[in-house]
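Please model the complete structure; the sequences and the hints are all you need to start from.
Protein chains: 4
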Amino acid sequence: MKVGFIGLGKMGFGMAANLLKAGHSVTVFNRTVDRARPLGERGAVVAHQVSEACAADAVFTMLADDAAVEGMVFGDEGVLRHLPAGALHISSSTISMGLTARLASAHRRAGQGFVAAPVFGRPSVAESGELAVIAAGASEAINRARPLFEVIGRRTFVVSERPETAAAVKLSGNFLIASMIEGLGEAIALADRAGIDRRAYLKILTSTLFPVPLYENYGGMIADRRFEPAGFAVPLGAKDLRLFLAAAESLRVPTPLAGLLRDRLETLLAQGGEHLDWAALGFLPARESGEGGVLRN
Amino acid sequence: MKVGFIGLGKMGFGMAANLLKAGHSVTVFNRTVDRARPLGERGAVVAHQVSEACAADAVFTMLADDAAVEGMVFGDEGVLRHLPAGALHISSSTISMGLTARLASAHRRAGQGFVAAPVFGRPSVAESGELAVIAAGASEAINRARPLFEVIGRRTFVVSERPETAAAVKLSGNFLIASMIEGLGEAIALADRAGIDRRAYLKILTSTLFPVPLYENYGGMIADRRFEPAGFAVPLGAKDLRLFLAAAESLRVPTPLAGLLRDRLETLLAQGGEHLDWAALGFLPARESGEGGVLRN
Amino acid sequence: MKVGFIGLGKMGFGMAANLLKAGHSVTVFNRTVDRARPLGERGAVVAHQVSEACAADAVFTMLADDAAVEGMVFGDEGVLRHLPAGALHISSSTISMGLTARLASAHRRAGQGFVAAPVFGRPSVAESGELAVIAAGASEAINRARPLFEVIGRRTFVVSERPETAAAVKLSGNFLIASMIEGLGEAIALADRAGIDRRAYLKILTSTLFPVPLYENYGGMIADRRFEPAGFAVPLGAKDLRLFLAAAESLRVPTPLAGLLRDRLETLLAQGGEHLDWAALGFLPARESGEGGVLRN
Amino acid sequence: MKVGFIGLGKMGFGMAANLLKAGHSVTVFNRTVDRARPLGERGAVVAHQVSEACAADAVFTMLADDAAVEGMVFGDEGVLRHLPAGALHISSSTISMGLTARLASAHRRAGQGFVAAPVFGRPSVAESGELAVIAAGASEAINRARPLFEVIGRRTFVVSERPETAAAVKLSGNFLIASMIEGLGEAIALADRAGIDRRAYLKILTSTLFPVPLYENYGGMIADRRFEPAGFAVPLGAKDLRLFLAAAESLRVPTPLAGLLRDRLETLLAQGGEHLDWAALGFLPARESGEGGVLRN
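Chains A, B, C and D, in that order, give the protein sequences.
The first sequence begins at -1 in the working numbering and counts up by one.
The second sequence begins at -1 in the working numbering and counts up by one.
The third sequence begins at -1 in the working numbering and counts up by one.
The fourth sequence begins at -1 in the working numbering and counts up by one.
Just so you know, the hints here were simulated from the structure itself, not pulled from any lab data.
Watch out, some of these pointers could steer you wrong.
The list cannot tell twin chains apart, which means a pair is met if one copy fits it or any two copies do.
Derived SDA-like pairs: lysine to any residue, alpha-carbon spacing no greater than 20 Å straight-line [to be verified]:
#1 201 to 159
#2 0 to 39
#3 0 to 221
#4 237 to 96
#5 201 to 153
#6 237 to 148
#7 201 to 158
#8 237 to 7
#9 201 to 160
#10 237 to 205
#11 201 to 211
#12 0 to 41
#13 201 to 128
#14 8 to 272
#15 201 to 152
#16 201 to 154
#17 237 to 247
#18 201 to 221
#19 8 to 31
As structure tokens, this is what we get:
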């Protein structure tokens, strides 16, 4: 299939590389073209204009936030204008439910297909093509996109025909990860103060109640105070919590835990945590009980 | 081994039955003797006085809360007075770090052994002898208790030589379960309002981020609004959160999420949720967004 | 002075009426013109276009939220386009720090003056001309506006030369009022449950710790469950908390109490409290402890 | 009247001094007798045993917490044992509703009178005899105590015939003060970051919304980072929040704001704030947004 891929960040790079490896004809675009060159060496066409990436059966966007997606899609030289009628826009960025719905209706009016397909998985998982793809959109469009999903992910979950429901699943998943980190952070801080070895404590948890990689990995990062390099940085997490809260507001669901997590992430940002993995949320209870290091001040 | 067992509630009954089945000589005691009879029929000696259960190599206590354990151990006719010198008290109740430390020192002064050994697992797991035993105490005492742990549990974790550290692990484990329930409750309520089938939503979560029975079981109870009969009732959960907060206070660890959970459990109690499983914590976000049923008012 | 006044809601109407009474030549504009007629009868010119209101030495805007102000100022037929060079825009709406800063720079570029001048006081206070005016902007502009402030308010406070600081003061004032309401709500609910007459309890508070009208008025509304008609409705309060949080985010100040209040206001909205005065925030603790009435469900 | 006074801390000393000055015959008792001597010089009898202070028409207790009051009243050499039948115990300490109710029934059984009479006011107000006395108990007992209240306070408020209601009023008053401090802390931190002078900001607040000494005094302490010497230290505040939460639990009133304040006070304690005035609660938002000083670490 002729595929465009816009946005070669930590996640997008691996996804595009896998599409290429699977034999698709891929044109890649990135704001800073340097980032695209290694894919060029593996056979991708390196676009210098968005329009080149849009000359395709399907174009992925994998960008940082709502503003980036809005600019890329609705701008004068954007996807909406250059994607051929009948072709497909697959939006894999983690963005708001509101923008997802707006994208869907703009593409519908333009006679283009649209699938929201955010993914679960960190950069290394993107690289190995084992992401979980959370897809929502018209069945026909999803069916067209499915062969591509099978390349970038291990499994595809179709949520509903309304694209914004995929955004709801993705955002709530990140909210649940943040909840887990905060919980682990408070529990590990208490165990530590009680004189229990942090790693041994975590081992008990993951051998009994929570035998699952997310608890092991994030718990390990907290136990070891290992927050760099950031796989998923604090500002991205703060953004996702804000989007989750915005979704909760518009759906009229009170979410006090999400409110608390938002505040904790803001605390991290205010204390110089911008460059850290959001696992550092789990360091705050230790810090607030007097431990130094990691953060400024 | 000659074993006493005090407290035949939902958990204790199954534990005592397994000790019996494994061939130990077991004397059981329960405030209301009716509860003990079925074990009598299986070969246990049914005690009418605490002292009878204490005439043993080791006596288990598995009671509801700090007050019950204090009364049973320190009372005039209590364990401390009747347990032979050199014999062992194994405390499996979920109680405070403070009381656990007091028990340890009282038994030490009386020349008796003491092991704190709270367990993870719901009543059905106690019945099948597959609990996780979280043990702490002097190595010598733990070694003596180990054959009994192997009967009631699938696996034993030794935390440290200080018995109160086992209480810290147990209480923090319950705190993490409550965190998970609150998180799931908010996420499921949002998904529901976004028009996503609650069960289908949960399936995505447990197929991707959280493939683990606790998420499946509690998530399922929330999705189905199935909170009766209570495997672990709200008042017990509220008690455990209070004990976790008391531990955090005495160790000087700020724990905002635990504070929020305490408040949510109090809300459940105030609204007639006393008889419900604490999974009902995960119903509050739906209720606060306007859904009726389950709770009073 | 020749004055335009845009936005004749509960607050704006009284402010415009006082400007008129003080002898200024006032042209009023409101989306729905009916609202303007009574002022026409008192001598105001009733404009049918924004441009008419802008043909003035100074034009006030007093609108519901950021979106309304943005539309009114930046739109094709908006204030920015029609206000004469050298004339003054006085923005009294409660809006974000971000929009306030954007307004300031847009007017500067257009050669127009700009003062942010939100006010403290409920509609009856606007009517009696006793508002507190919180002004920020260039000294020269503030000096020109001062005679008008003296008509609508009892006292003017100049915050700084940067207009967005007035927004910060106004938003934080509303945050403090919400904090007070939540506190009073929890305290009154507890007193009530303890068997103390709610009014008598409030009387003690306002005779000792808090002898101040805000505590008396909001406390009285809570004690009497009197939330209609709304002087300041829940959606406006929810909006202001969101703006306060957005300001806190951009200034990197963690504000956990503001986060909690936002969630409580969302709870009110989710339970059908849209039409109530935000004093109803102080009813939630009673409701959560089982009292019926006031809200849906 | 023959009056005993037990507990000569910051508050008790001034209260006892005023009783003496008013011409009552006062016997004072304090754990460390040095603290009593200055009153001896002014004419008080300095007791070396609790029993001496109890040989009176009425005995005040003004002690630090529940444990101190329990020990002083129920101990072998305590008030309950030594107070003559018919005489009065006036409890002015800030203690739990539960202990207040227990004191009331113990004294009733012993044929003694009991009035709960906690007070509002800081040490300087105790010294000047201008406290607000919050009294509850049998009318007859309150009438007997009234002349004494008129000496220590400017005004007496009778809550109800049940002594524990006075505790509810006192504890909830302190909760409201803590709410105010937290609110002011977040608002002042935001204003500060927005570039507004902290003192000027506070002046606007106390000239408009909150023209009341509590806001002026606590706000001033926060604005000036002036938390020593402590008029009311963090551990006392933390204790009172815990008692408020315990009251809320037993009355089944969810109080999320109180939960948050408890956590914030624990944070202060964990970070070396033990010696500070609880106004330091209002420094936490500044600290969390990166300001150094005041606290450890």
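> Checked against the structure, which of the hints given earlier come out wrong?
Replying inline: Structure breaks hints 3, 6, 10.
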